[in-house]
Amino acid sequence: MKLPDKQSSVEAAIAHVKDGDTVMLGGFGVPGTPFTLIHALVRHGACNLTIVKNDANEPNMGVDHLLQSGLVSRLITTHLGLNAHAIELMNSGQIKVEFNAQGILAERIRAGGAGLGGFLSDIGIGTELAEGKQVLEQDGKTYLVEPALRANFALLHAARADRFGNLAYVATARNFNPLMAMAADCVIAEAETVLPPGGLAPDDIHTTGVFVDHVAALGALSKEYAVVQR
Amino acid sequence: MVARAAREILPGMVVNLGIGLPTKVVNHLAPDYPVCLHTENGLTGIGPTLPTDQADRNLIDAGGAYVSTIPGSAFFDSATSFALVRSGRLDLTMLGAFEVAANGDLANWKIPGKFSPGVGGGIELAQKARRVAVLTTHTDRAGNSKLKEYCTLPLTAQACVARIFTDMAVIDVGPDGFNLVEIAQDVSVADVIDATDAPLHVPDTQLPIF
Numbered sequence: 001m002k003l004p005d006k007q008s009s010v011e012a013a014i015a016h017v018k019d020g021d022t023v024m025l026g027g028f029g030v031p032g033t034p035f036t037l038i039h040a041l042v043r044h045g046a047c048n049l050t051i052v053k054n055d056a057n058e059p060n061m062g063v064d065h066l067l068q069s070g071l072v073s074r075l076i077t078t079h080l081g082l083n084a085h086a087i088e089l090m091n092s093g094q095i096k097v098e099f100n101a102q103g104i105l106a107e108r109i110r111a112g113g114a115g116l117g118g119f120l121s122d123i124g125i126g127t128e129l130a131e132g133k134q135v136l137e138q139d140g141k142t143y144l145v146e147p148a149l150r151a152n153f154a155l156l157h158a159a160r161a162d163r164f165g166n167l168a169y170v171a172t173a174r175n176f177n178p179l180m181a182m183a184a185d186c187v188i189a190e191a192e193t194v195l196p197p198g199g200l201a202p203d204d205i206h207t208t209g210v211f212v213d214h215v216a217a218l219g220a221l222s223k224e225y226a227v228v229q230r
Numbered sequence: 001m002v003a004r005a006a007r008e009i010l011p012g013m014v015v016n017l018g019i020g021l022p023t024k025v026v027n028h029l030a031p032d033y034p035v036c037l038h039t040e041n042g043l044t045g046i047g048p049t050l051p052t053d054q055a056d057r058n059l060i061d062a063g064g065a066y067v068s069t070i071p072g073s074a075f076f077d078s079a080t081s082f083a084l085v086r087s088g089r090l091d092l093t094m095l096g097a098f099e100v101a102a103n104g105d106l107a108n109w110k111i112p113g114k115f116s117p118g119v120g121g122g123i124e125l126a127q128k129a130r131r132v133a134v135l136t137t138h139t140d141r142a143g144n145s146k147l148k149e150y151c152t153l154p155l156t157a158q159a160c161v162a163r164i165f166t167d168m169a170v171i172d173v174g175p176d177g178f179n180l181v182e183i184a185q186d187v188s189v190a191d192v193i194d195a196t197d198a199p200l201h202v203p204d205t206q207l208p209i210f
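Those sequence lines, one after another, are chains A and B.
Under the numbering used here, the first residue of the first sequence carries the number 1, and numbering increases by one thereafter.
Under the numbering used here, the first residue of the second sequence carries the number 1, and numbering increases by one thereafter.
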């Protein structure tokens, strides 16, 4: 037996995204952000997107290109502190922003990927993040109901992959990538290196290729992936 | 005050240092000090900060600074990172503040109409670390006290702060409110009372000076 080959071009993979779709983007700051897939999404032009990402990168970088192109109507995120442009769009009402506590966003995505409807958490009780959330009592304690989060697409960045879509991340570029890999109907991964099956040792794989629909090999990395000169 | 706050970190602790002033605490720890620093984006065992010409593009802390690993460091995903926080594995977190109330309420993420970048991991750190210390200037740039009877800004978490390190004093938050426990060099008790916008309990005994 051999495992199927899911290698694709970036453009062919991104062509499936439709207007109004929800798209998860891996990454925390620069590490793990799929910059090449994001550029392809901008060129593809699907609009009215809901983007799910920990942060909005920095001006003229990653998510900001989608915002500048006017393709995003809603952003589900935890923190925009490094992108003043995103905050401007939020304050002027051009995009809707839903803030989540960071670990709650991660867990909502994990729950979505694990086939669950949601979970109970006491995070944010007594703060404005609890407003509008369903409250439940369990074992004498008060909890908020946190619904699971899924997306039409997840765009991921991996350091290494094989052609079946098995993925390995490095350092703090892992972050949301393995969670989002489980939580979307169609998962597209870009990888700095795409190896033949067997190129990654089974113990070194963080995301099984079962979760991945398309894997695209990156050429030379653009400046966006490099160390940021602040 | 940063050097004083560093003494709060005991050998063997798992500690998360928030963005801003708290990050600087690490500069006051000996290189071989036995402590495990955690950062929200998926690393335990944070090593020294690196200049950009030596940085690894894939290795940052939650504040975006380029950091390094040390022997025994581990990487993990964001769900695991906050499982660690919410299940009580953090012995101590040090956070910045806009306001701290006498009951330990903390506001440090939003100034309506002026500053609302999102809360990031702050709520979970404030609500779930076993001990929450705040590291802040005693007053804001306009001279208003950050230590108040009640918070006026949106809360990060209720009744979470145990101790406050400022440029003027170390203050504990107890059931009876703010308690002065140490005082900075060249600062008088009257100065601290004057700069604190809530009742401040002062012990009869000599206060340690830092």
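Everything labelled a hint here was simulated from the structure, so no lab data went into it.
Any given hint could be a false lead.
[Claimed, not checked] Straight-line distance between alpha carbons at most 27 Å, and here's what the computed BS3-like set of lysine-lysine pairs gives:
(1) A/K18 to A/K96
(2) B/K114 to A/K96
(3) B/K24 to A/K96
(4) A/K133 to A/K96
(5) B/K148 to B/K114
(6) B/K114 to B/K24
(7) A/K141 to B/K114
(8) B/K148 to B/K24
(9) B/K24 to A/K133
(10) B/K110 to B/K24
(11) B/K148 to B/K110
[Claimed, not checked] Simulated restraints on C-beta separations:
(12) B/R89 to A/D204: 24 to 30 Å
(13) A/L136 to B/T52: 43 to 49 Å
(14) A/T142 to B/G47: 55 to 61 Å
(15) A/C47 to B/R7: 36 to 42 Å
Predicted, not measured: the structure shown is a model, and the values here were computed from it.
Note that the Cβ used here is the ideal one computed from N, Cα and C, for glycine as well.
Structure-based check of all given hints:
1. A/K18 to A/K96: holds (19 Å)
2. B/K114 to A/K96: holds (17 Å)
3. B/K24 to A/K96: With Cα atoms ~35 Å apart, B/K24 and A/K96 exceed 27 Å; violated.
4. A/K133 to A/K96: holds (18 Å)
5. B/K148 to B/K114: holds (20 Å)
6. B/K114 to B/K24: With a Cα-Cα distance of about 26 Å, the restraint between B/K114 and B/K24 holds, given a limit of 27 Å.
7. A/K141 to B/K114: violated (35 Å)
8. B/K148 to B/K24: holds (25 Å)
9. B/K24 to A/K133: Outside the cut-off at roughly 37 Å; violated.
10. B/K110 to B/K24: holds (22 Å)
11. B/K148 to B/K110: Answer holds: B/K148 to B/K110 is near 17 Å, not above 27 Å.
12. B/R89 to A/D204: 24 to 30 Å: The hinted range 24 to 30 Å holds for B/R89 and A/D204, with Cβ atoms some 26 Å apart.
13. A/L136 to B/T52: 43 to 49 Å: holds (48 Å)
14. A/T142 to B/G47: 55 to 61 Å: Since the Cβ atoms of A/T142 and B/G47 sit about 40 Å apart, the hinted range of 55 to 61 Å is violated.
15. A/C47 to B/R7: 36 to 42 Å: With Cβ atoms ~55 Å apart, the hint is violated.
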